[in-house]
Amino acid sequence: MAYMLDPTWALTRPILWLALAALVALLTLRTIRKDRKEYQRFKRYRTTAKRQEMFRRWLLDSFLSFGGLALVLLLLAGQFVAPLLQELAGWPGLRDIRALIADNAGFTVGAVIGLAIGLVALTALGVRAARTEQEIMTVGDIRSILPRNRQELRLGALLSINAGVVEELVFRLALPAAIYAASGSALAAVLGSVLLFGALHLYQGVAGIIGTAVVGAIMMVLYVISGTIMLPILLHAIFDLRSLVLIPAAIYRVHRIDGNEKPFIGALTVPAPAPAPAPEPESEPAAE
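Going by this note's numbering, the sequence shown opens with residue 1494, and the numbers climb by one from there.
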């Protein structure tokens, strides 16, 4: 990739600071004036046609804005990606984990398999509990965005995959590199990108901001430990697919609802369990 800025050029850091200031201003304006208003309007929609139209708008907007932002930042500061990763990999704790993984391939494979089994088991238990209690626990105000029929499920899947790709490219790869290039601080790169990632979810409320920031920090750690952005991309997409596809389908059975036949949106409800079959009457003993 041909980079726009030479690290040795005297104006590189001032240009990056200006770019970062403009980026923060634009994202702040977008979060306060656009995302919150759109989400509040979305929550009032009562037809799936309007909801699907907004889903498509969000999908295109996210792909173009965050995808374009990642491209611009990588053109400006992509040469700082490797030095930042190298410095982060040398932090105490992270360095030890990377060494443990490198020296114990079998343990690493076992840990990954165990983690996967644990996540599947916890998800299954959560689905069962939600069906029993007729409710699910969410972090942040995301209930309104859960798909309500099979058409919305498809858009939810596309939104999840897109978010996994473009958001990780921006907030784990490109933005930290730009902050690192401008400030020279790996700590500032990590904190700045994680906090901004959380703040962009203002529309989900305080719980959503905190939860998203925690997830962002975990993704950053996984990126540094693995040394590849593909792992956070994959896990981010899976996490969102769980929220926007698995939960609506497994708990609310929205995949059974055709939005063309039921264009109006009702409240999400857990389907009642099928009644148990009535016991067969006992047969009279035969007369002797």
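In short, the hints are calculated from the structure, not lab data.
Hints may be right or wrong, so weigh each one.
Below, computed lysine to aspartate or glutamate pairings styled on DMTMM-like, alpha-carbon distance capped at 25 Å [claimed, not checked]:
hint: 1; residue 1: Lys1530; residue 2: Glu1546
hint: 2; residue 1: Lys1755; residue 2: Glu1580
hint: 3; residue 1: Lys1543; residue 2: Asp1554
Derived Cβ-Cβ restraints for the label pairs, each shown as a range [claimed, not checked]:
hint: 4; residue 1: Asp1499; residue 2: Gly1560; range: 23 to 33 Å
hint: 5; residue 1: Ala1542; residue 2: Ala1575; range: 17 to 27 Å
hint: 6; residue 1: Ala1595; residue 2: Arg1746; range: 41 to 51 Å
hint: 7; residue 1: Ala1515; residue 2: Asp1554; range: 29 to 39 Å
hint: 8; residue 1: Asp1499; residue 2: Ala1542; range: 44 to 54 Å
hint: 9; residue 1: Glu1546; residue 2: Arg1746; range: 16 to 26 Å
hint: 10; residue 1: Ala1617; residue 2: Ser1555; range: 26 to 36 Å
In this text, a Cβ means the ideal position worked out from N, Cα and C, and glycines have one as well.
Going down the list of hints, with the structure as the test:
1. Lys1530 x Glu1546: 16 Å, holds
2. Lys1755 x Glu1580: Between Lys1755 and Glu1580 the Cα gap is close to 55 Å, so the pair fails against 25 Å, i.e. violated.
3. Lys1543 x Asp1554: 16 Å, holds
4. Asp1499 x Gly1560: 23 to 33 Å: 25 Å, holds
5. Ala1542 x Ala1575: 17 to 27 Å: For Ala1575 against Ala1542, whose Cβ atoms are near 47 Å apart, the range 17 to 27 Å is violated.
6. Ala1595 x Arg1746: 41 to 51 Å: With a Cβ separation near 45 Å, Ala1595 and Arg1746 satisfy 41 to 51 Å, so the hint holds.
7. Ala1515 x Asp1554: 29 to 39 Å: Given about 19 Å between the Cβ atoms, the range is violated.
8. Asp1499 x Ala1542: 44 to 54 Å: 51 Å, holds
9. Glu1546 x Arg1746: 16 to 26 Å: At 24 Å between Cβs, range holds.
10. Ala1617 x Ser1555: 26 to 36 Å: For Ser1555 against Ala1617, whose Cβ atoms are near 30 Å apart, the range 26 to 36 Å holds.
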